[in-house]
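All chains should be modelled from the sequences, with the hints used to inform the complete structure.
Chains as they are written, first to last, in my numbering: chain A, 479 to 807; chain B, 268 to 560; chain C, 321 to 824; chain D, 140 to 490.
For the record, the hints were derived by calculation from the structure and aren't laboratory data. Possibly wrong hints are sitting among the right ones.
Only pairs whose alpha carbons sit at most 27 Å apart, straight line, appear in this in silico DSS-like list of lysine-lysine [claimed, not checked]:
hint: 1; chain 1: C; residue 1: Lys398; chain 2: C; residue 2: Lys639
hint: 2; chain 1: B; residue 1: Lys289; chain 2: B; residue 2: Lys411
hint: 3; chain 1: C; residue 1: Lys704; chain 2: C; residue 2: Lys635
hint: 4; chain 1: C; residue 1: Lys579; chain 2: C; residue 2: Lys639
hint: 5; chain 1: C; residue 1: Lys579; chain 2: C; residue 2: Lys635
hint: 6; chain 1: B; residue 1: Lys478; chain 2: D; residue 2: Lys174
hint: 7; chain 1: B; residue 1: Lys473; chain 2: D; residue 2: Lys459
hint: 8; chain 1: A; residue 1: Lys788; chain 2: C; residue 2: Lys590
hint: 9; chain 1: C; residue 1: Lys398; chain 2: C; residue 2: Lys511
hint: 10; chain 1: B; residue 1: Lys540; chain 2: B; residue 2: Lys478
hint: 11; chain 1: B; residue 1: Lys289; chain 2: B; residue 2: Lys473
hint: 12; chain 1: A; residue 1: Lys634; chain 2: B; residue 2: Lys344
hint: 13; chain 1: B; residue 1: Lys555; chain 2: B; residue 2: Lys478
hint: 14; chain 1: B; residue 1: Lys307; chain 2: D; residue 2: Lys443
hint: 15; chain 1: B; residue 1: Lys478; chain 2: B; residue 2: Lys307
Simulated coverage check for chain A against chain C, where a stretch passes if three residues somewhere in it have a Cβ under 8 Å from a Cβ of chain C [as the list claims (entries may be wrong)]:
hint: 16; segment: 661 to 670
hint: 17; segment: 682 to 691
Looking from chain A toward chain B, a few residues come up when the C-beta cut is under 10 Å (computed) [stated by the list, open to error]:
hint: 18; residue: Gln504
hint: 19; residue: Met508
hint: 20; residue: Tyr611
hint: 21; residue: Ser614
hint: 22; residue: Pro619
hint: 23; residue: Gly638
hint: 24; residue: Ala713
hint: 25; residue: Ser768
hint: 26; residue: Ser769
hint: 27; residue: Thr772
hint: 28; residue: Lys773
Every residue, glycine too, gets a C-beta built ideally from N, C-alpha and C.
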Amino acid sequence: MIRSTHLPLLVTVLTFLVAFALCGSQYPSMLTTRVVANLLTDNAFLGIVAVGMTFVIISGGIDLSVGSVIAFTGVFLAVVLRDTSLHPLAAFALVLSLTVAFGAAMGAIIHYLDMPAFIVTLAGMFLARGLAYVLSTDSVPITHEFYDFLQSLYWKAPGGGRFRLTGVIMLLTFLIGMIMAHRTRFGQNVYALGGGAQTAKLMGVPLAQTTIRIYALSGGLAGLAGIVFSLYTSAGYSLATVGVELDAIAAVVIGGTLLTGGTGFVAGTFFGILIMGLIQTYIVFDGTLSSWWTKIVIGGLLFAFILLQKGLTWATTARRKPLTDFAAP
Amino acid sequence: TIGFSQIGSESGWRAAETTVTKQEAEKRGIDLKFADAQQKQENQIKALRSFIAQGVDAILLAPVVATGWDEVLEEAKEAEIPVMLLDRTVDAPEDLYMTAVTSDLVHEGKVAGDWLQDEMAGADCSIVELQGTTGSSPAIDRKKGFEEGISDASNLKIIRSQTGDFTRSQGKVVMESFLKAEGGANICALYAHNDDMAVGAIQAIKEAGLKPGEDIKIVSIDSVPDIHLAMASGEANATIELTPNMAGPALDALEAYLADGTVPPKWIQTESKLYTLKDDNQAIYELKKDLGY
Amino acid sequence: MTEGTRPVLSCTGISKFFPGAIALDEVDLTLYSGEVHALLGENGAGKSTLIKCITGAYRRDAGTIHLQGQAVSPTSTKESQALGIGTVYQEVNLLPNLTVAENLFLGRQPTRFGLVSYSRMQTETARILKDYGLAINPAEPLSSYSVAVQQVVAIARAVELSGKVLILDEPTASLDREEVELLFSVINKLKARGLAIVFITHFLDQVFEISDRATVLRNGRVVGTRELAQASQTDIIHLMLGRQLESRIQERAPAKSGKPLLELNNFGRKGTVDPFNLTIHEGEVVGLAGLLGSGRTETANLIFGVVPADQGEAKLRGKTISLANPRQAVGHRFGLCPEDRKTEGIVGDLSVRENIILALQARQGWFRPLARAKVNELAEAYVKTLDIRLASLDMPIRFLSGGNQQKALLARWLATNPDFLILDEPTRGIDVGAHAEIIALIERLREKGMALLVASSELEELVAYSTRVIVLKDRRQVDELTGGQISTGNIVKAIAAETNREVA
Amino acid sequence: MVHGFQATLRRIAPQLIILAVVLLLNFLVFPDFFKIEFQNDRLFGNLVDVFNRGAPTALLCIGMTLVIATKGIDLSVGAVMAIAGATAADLVVSGYGWGTALIGAISVGLMCGLWNGVLVAFLRIQPIVATLVLMVAGRGIAQLITEGTILTFLNEGLIHLGAGTVLGIPTPILIWIGLGAIVTLGVRRTALGMLVEAIGINEASSRVAGINSRVLLVSVYLVSGFCAAIAGVIVAADIKGADANNAGLWLELDAILAVVIGGNSLLGGRFSITASLIGALIIQSVNSVILLSGLPPEFNLVIKALIIIAILVIQSPTVKHALYILRASAESEALEPARAAQLTPPKETAQ
Ligand SMILES: Nc1ncnc2c1ncn2[C@@H]1O[C@H](COP(=O)(O)OP(=O)(O)OP(=O)(O)O)[C@@H](O)[C@H]1O
Ligand SMILES: Nc1ncnc2c1ncn2[C@@H]1O[C@H](COP(=O)(O)OP(=O)(O)OP(=O)(O)O)[C@@H](O)[C@H]1O
Ligand SMILES: [Mg+2]
Ligand SMILES: [Mg+2]
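Encoded structure:
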């Protein structure tokens, strides 16, 4: 049974399929495994942070720090691998615990000091990037056999597309994210929090624990995205991924999650990511847009998607009213 | 068909480079696919991958940062698409790209340092420095080069150094605070990592009631039209040119390679030409002002 | 209730202070196993505050709580739930974005292999709600159901959570007779199981029907606890108000049919309310009767333009007017006191004063602010007339007790001195004293020549003030009663008749 | 009106204290901080710079405060600044006078505000997304006007707006203080302020009460667009050129930060423009500390983040609440111990 609540998700999936078909009809080479593989590989880090962002936004919050955390993670890894003999796996564990703690700290501040997430994570954004600068302003290359090994893990599809490890990590993240959101008590608490913190509290939702976990999750996933990004570029660079938080937010919103919190889908975010990737691919295939027209077109397409979604949702919910009533006693 | 992955349009110089590249491509009858990365490396990698998927004949890449290109360049190599680097090289094995047309950023800084050393001729001089965006490679290299240039002159000393983000307005703001923190009379020279910041700083100096170019010597890098205008009226002293025409040599090399397999050198260095007040700056301004800076 | 048994819950010396007000002053409350204990008092007496202090939603400033002899001190509702205290707070406190099943099971979802099992949750939900006569889709978001349904779900949730104590704060305010009966049968079952139940309401009939004892609060103090078997309604009212309620003999001036004020022809909206004709005269009170979901609220909203009509026309004193949004309606000197005071009525963070003048100011326009003196004069006058209990006119309205919020909203519309006033459930959550006061007020307004349209679930009340009653069913007008026809019996008959006709 | 003034003072006291502390910090790293000279026909000194350089943020946060009061947010102001600056520069470069340029820039700003407002009020798109569209596209539009270059101009009238002085006081200072005063009076001497607060707190209720919430919503975005346009002109005039790519870049975040430091809730409702303006000054003073400290630029962001976190923690409701209780019990100890507990302020979330 298709539930009315799943409508935004459906709309997103449909939008993506239609858009992909349209692009394909214009540039047939877009319908290759290369492009599909690129969509997965190139957006892997963005997808991973967007999963965390989905949780944050469903809970009614926002996390502006993720872009900086990715950059920090990259620089941290690069510096650690350059200056110590730590194995990358150990370094991964170290950096993940750092970013989880960072997220948890922001969550704790948001809850215990009763401050808006927007501002707390904005300060977090300054801090994480500032720390990355302090570690190194230079971009630091990562050269380690283990990195080479991880990068060599890919499956080359007919047609030249390479499905890489990072893409798989993203898909796994989405899968786990979906299960967490819909099938665990934690996930239910996240939705409850987004429905109204005061009410959720009266209903017995542990606010402190949930808030802290949400931001810890987002921080941890930003750390994971940072690891993936460092695999992607084999380097750590303090100026990397500026503004990624806005891309992630846009993807989450295009995916049908409401910024006011309470409703949304992790799976929708996945298609949001694909739609954003598709827009970029299309612009490059076109190749005639100047720098400024690129910006205008991206903004315009963003607007078009939001409008399309709005329209479809309106059209389909206008007549929706439950038919059941009190059963005759 | 050639794909061109440009960093963005963050400065006038960058816009000029884009314009010139498009002109050069047109001149040679090349169909240029342009992709603007909005200052993000990830977007550049995406663009490169899309170019490969599209099957372009060659790729021009102006990399935003030196690291992180191995993987995608390997894919290009495998697809037998030659890659030419513009204005910056990358930290990748040399066989992954055909050639790099760049200036030497460290050298630029050194030229500036040397010029100042000559200009001061042994007199004591406290220098303030306007850095580029923290972490960007021009900022790092131009700082390094300048320090090298003045390292052998004990009379030259950098007393304050702060970032002006390569922008005119930050250049002005930071210069204002330099002037107050050190006192205008105690500053003898300004070194700015690009001309835009220098232009902003000139205004700050004037507003503080000092004469830029005389009370405070000004040397900067890029040679954009507005700095020549300032030099023409004696408000700035020297600039080092960074040519926006990187694509010309690159495309020449590419054509030669395609024609008879001439393998170009790995590094084609553009000239870092020093302009001073001795040049006819008004004329240079007129020459440059329509180049899309 | 058995004397001598150990109390399930005993609270002693509970105090709670708010700036400028002592909400609770050394309140004692003892609950025994298997009793229904009514908690009574005027609006603002401190009933809801007491509940919140007991269940940990508020931090109490003094006092001790013993649960089955054990000292407890829940600091959050989660803890009190874990202790076996289930609560329905005054305003429906569920999450509209979650489904019915998710609301019912939040925090204690059935799991399978560590994952929440939806199928079990939904079948369980359907089973539980059947006891309350509710056959709704557990997988739909709660927001798609009316306040009444939500109220029932909230009750069901609290019942499921209450191992030892169940607390219900005005659970019947938005329920109809039938649902109330179902609720009472559930309460009786729980009582038999030995739970202690706290029941707060302003309907004294219901109190006497279901409760064993009653504790009465006045101004944050306990003024007495009574065995209800040995007390009469008048005793209790006396205890609550501290005075006798003078029973006004309804000596109503005969409805002088004034000039027609508002004429609605074929007015309606697809999928909301079937087109209807209605003429309202000056000096007339038209009552809207019907069952839950019969479309009373929707009719009221339609006339006020909250949801614009898509067919028909409206004429004000013979001139065709547009009623596309509330602003236009206010411009025509209409007023609407909405049913859902929390979401459509109060502006929580604004002061009581500002809330009272809001509609008047909106009508005056942005650039003609009301003079401060005038504002104060208006606000003070209405606080006095309607007996709104507050610490200061500057306090945010959300800190007022539920009934007092309702009165402030009434004041908002009276301040605009409307020609036509629509009241949707005007007495919801209002105490007996104020209840009589509001009925008298409606009478006075009518005599002054105002036209009123009043939707209410309380038939006695409708009968008391209506000069004409329209009966709605399934979003259609099915009957109209006038003059001597108006009686509770006839209204019930009119609602039932339609059903019979359908069956026949 | 004495009453009103006292209420305002009480409302902005925390911000004033923080401003004083940050200024003191400036004084510590640079002892001449408070020195103001009259030099070159203009006031000259670090304190003047704080007021002058704070102008763009201050202007933005006038509009932003109103937008946030309606429960909205305007991410596009930075981009609107760029568009307005580019428009003004383009007009003077093509030979129009500075008046025309100013009017042109303001019209463009109002158009941007209208666009945002319509998206939010009529299409019901969430403000953060609605304004994100213009934030992304707007900079492109600005560059379209300047064609990616820094459009330099020499029109004295226009330059005067950003770099000139009136009676020795830099014009931007006069503009932001003037506009701030006008808007504050405009909303507080009319019913607008209260109505804006009402729709921010509960739009449904406000609508039922007869408030024209849609038009009001559009209006606040118009004000925001207007303020951003003025800020954009000032920034362009200051450097005698429109830098479409960098003008106002990330300034929307500073403006939002200033509003929050000003003690306004991002959830809408009660607002104080004066407090936001002081918030803008606080941010500028923090920037000033960083510049004057002479530390390498790598540390800029860390310092800024730490100072901001400190400010926000002090401002947070929980800490305020704790301070309130401390003060209350200290006061009442002297007066009447029994009543001390009564002063416990309302706090539903308190455990
Ligand atoms: N947060 C608060 N701040 C200040 N005063 C408050 C606050 N909450 C409640 N009050 C005051 O405490 C008193 C008791 O309120 P309470 O809600 O307990 O009344 P009640 O008995 O439930 O009334 P009703 O029958 O109207 O629901 C009221 O006068 C109210 O104004
Ligand atoms: N028992 C119910 N089951 C399901 N939906 C209901 C029920 N009662 C009302 N609704 C829905 O709630 C909405 C509100 O109905 P409305 O408020 O107009 O009725 P009403 O007669 O005013 O009832 P109330 O007494 O609750 O005010 C309607 O859209 C209706 O579909
Ligand atoms: Mg109550
Ligand atoms: Mg109703």
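Open item on the list: If you test the structure against every hint from before, which numbers come out violated?
Closed with: 1, 2, 3, 7, 11, 15 and 18
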